[in-house]
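Novice: Chain by chain, the residues run as shown.
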Amino acid sequence: MQAKKIKALIAKPGLDGHDRGAIAVSQALRDAGMEVLYTGIRQTPQHIVETAIQEDVDVLGLSCLSGAHMSLFKEVTSLLKKNKVKGLLIFAGGIIPDDDIPKIKKMGIKQVFPPGSPLSEIVSFIQKSAQKK
Amino acid sequence: MTSKPGIYPYTRGIHKEMYRQRLWTMRQYSGYGSAKETNHRFHYLLKQGQTGLSTAFDLPTQLGFDSNQTEAKNEVGRVGVAISHIKDMEALLHNIPLDKVSLSMTINAPAAILFAMVLAIAKKRKIPWSKLRGTVQNDILKEYLARGTYIFPAKESLRLATDLIEFSVKKVPNWNPISVSGYHIREAGATAAQELALTLAHAQTTLDDCLKRKLSIDQFASKISFFFSVDNNFFEEISKFRTARKLWAEILKKKYRAKQKKSQQLRFHAQTSGASLTAQQPENNLVRVTYQALAAVLGGAQSLHTNAMDEALALPSEESAKLALRTQQIISSESGIPAVADPLGGSEFLEQKTKQLEKEVLQILKKIDQAGGTLAALESGLSRRLIEDSFLKTQQKIECQEKKIVGVNCYKESDSKFKVPSSTFFKQLEREQSKQVKQVKSKRNHKKIETLLKKLEDKASQSTNLMPLLIELVEKGATVGEICATLKTVWGEYAG
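Taken in order, these protein sequences are the chains called Z and A. When the first sequence is numbered by this note's numbering, its final residue is 186 and no position is left out of the sequence of numbers. When the second sequence is numbered by this note's numbering, its final residue is 507 and no position is left out of the sequence of numbers.
Rather than coming from a laboratory, the hints here were simulated on the basis of the structure. None of these values were measured; they are calculated from a predicted model. A portion of the hints provided could be inaccurate.
[Said to hold, decoys possible] Output of the computed footprint for chain Z on chain A, the stretches with three or more beta carbons under 8 Å from beta carbons of chain Z: (1) 209-222; (2) 496-505.
[Claimed, not checked] If you only want the chain Z side, here are some residues facing chain A, beta carbon under 7 Å, derived: (3) Gly70; (4) Gln80; (5) Ser119; (6) Gly120; (7) Ala121; (8) Ser124; (9) Ile148; (10) Pro155; (11) Lys158; (12) Gly161; (13) Pro167; (14) Pro168; (15) Leu172; (16) Ile175.
Even for Gly, the Cβ is constructed at its ideal location relative to N, Cα and C.
Produce the complete structure using the sequences and hints provided.
Specialist: Here it is as structure tokens:
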């Protein structure tokens, strides 16, 4: 029997319009056999969380390049908690200073991929860590 | 060899003497936090020998939100300066001699509003508009394709952009009312040929829109400036600038029947490639920036921004911004290159590369034409797909090390750390900015603003040029957010 596909949502919270990274990651996950939804740019944390719940995704990837990641990621993770979403693997990417990474992990975001991260590394991280529903 | 510099089709440069007569403008893109802080950075850069200013606005400003609006939350002052009303703009331009220093503004969807502020300030300072020199990016098409700071649907946004151009051509003769930008298309992943083709396609849309305003081609074509990226592939980039000039000259002469030389000459600003910078081993970026800058100079740029080495992870520090400027100063003062007009002319390799690139660009332009033109190619997603396919291919090459990037997929080492402004700085800034917006609003003549906004609502659905009204609105203290909200009620928003 074929294993169930991992379903991922790649999302861009905030106002920044740079989505080359988000699109590259989406494509890499697709190439690795996952089902991937990409929200497009300029999404509110509310909308991202609603989509994640509605689509019942296994993985949520957040991308932010404007420097507003701390507040935006916090809003997303708080909303997920408020909505009692469990078993969701969250990872993040973008222009994120090293100092912020421990704080981001405390929010429940499992891994942060800085600029230049190989796509293969992101794919294998998800394959290892995602809990398929 | 292709003609000489200064002679049609200007492949080798638009001026006979090039930098012997006039050096390129050193124009470093800067802006962060409040208007006061950015003004401080402007003065610092001028003191260090920078010769023109270039303003980065924060995302709320670029998207038509005031600092105190919910949509602006978390983003105030992050990637540029926050400008919500004319008081902010006055602080930004404090003690900047607008009749002497040229001012560039990277603003697109709300460009007309920010331009109106500059005009209002010049008026207040009694500087004739004819003395103002500068550029507003005002290139909305590439926003839908690559950069993402669109507000209104394309048709209406183009109308506002053309209002600005028409007004500027008639009343602010030394201003560049549009900078047609390939830079962001390239940064989004396009190849050099795609960058050039899409930019030339977008520029022709502007020409067509202006002609519909009953302006003659020679009245406005010379006011259109360009903005290109300068990336890692040294000779390809130099060829790109040569090809750009040749094709533009031919398009203007043959297709649009422009008579004046100036109308046929492509002038461009270049910025070194942000996407080529690496967060790993950031000092290496200094080397990349240096030879990218060389390519821009050897390619005949009129104006240049050199990126700072820390820009892959943060806005540049004062130190790194200075070093980026020094890079240009070293090239101009020490390399001997500016003493020769187009020193690479005659290189067989370069000539061949230029021809090949021209062929590729013409093929893409034909493809766009066959798809129904620029707007159709944009709406159908054709242009976007071209770019995506290219960068996914590049990404694959990086993954398998076919394309090598030092510090990223070869010669790796453990990373050094960066210091960036803490988020408490931005939280405080957001509070202060919001307070100021409220203060400005409380001191205005409310009735007058209401009447003017109502008038804007009416005129937005007609075809009269909106610039005079926008100038009056900003003079009376209307905010970017209020003006954009009013225009949205008539035009709607682009859905993305």
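Novice: Now look at each hint and say whether the structure bears it out.
Specialist: Here's how the hints hold up against the structure:
1. 209-222: violated (count 0)
2. 496-505: violated (count 0)
3. Gly70: Z/Gly70 check passes; min Cβ-Cβ to chain A is 2 Å, inside 7 Å.
4. Gln80: Status holds, d = 6 Å.
5. Ser119: 5 Å, holds
6. Gly120: It holds, given that the least Cβ distance between Z/Gly120 and chain A is near 5 Å, below 7 Å.
7. Ala121: 4 Å, holds
8. Ser124: At 4 Å from the nearest chain A Cβ, Z/Ser124 passes the 7 Å test, so the hint holds.
9. Ile148: 6 Å, holds
10. Pro155: 13 Å, violated
11. Lys158: Given a least distance of 17 Å, the restraint on Z/Lys158 is violated.
12. Gly161: Violated: closest Cβ of chain A sits about 19 Å from Z/Gly161, beyond 7 Å.
13. Pro167: 6 Å, holds
14. Pro168: 4 Å, holds
15. Leu172: With a minimum Cβ separation of about 6 Å from chain A (threshold 7 Å), the hint on Z/Leu172 holds.
16. Ile175: 11 Å, violated
Hints 1, 2, 10, 11, 12, 16, counting from the list given before, are not met by this structure.
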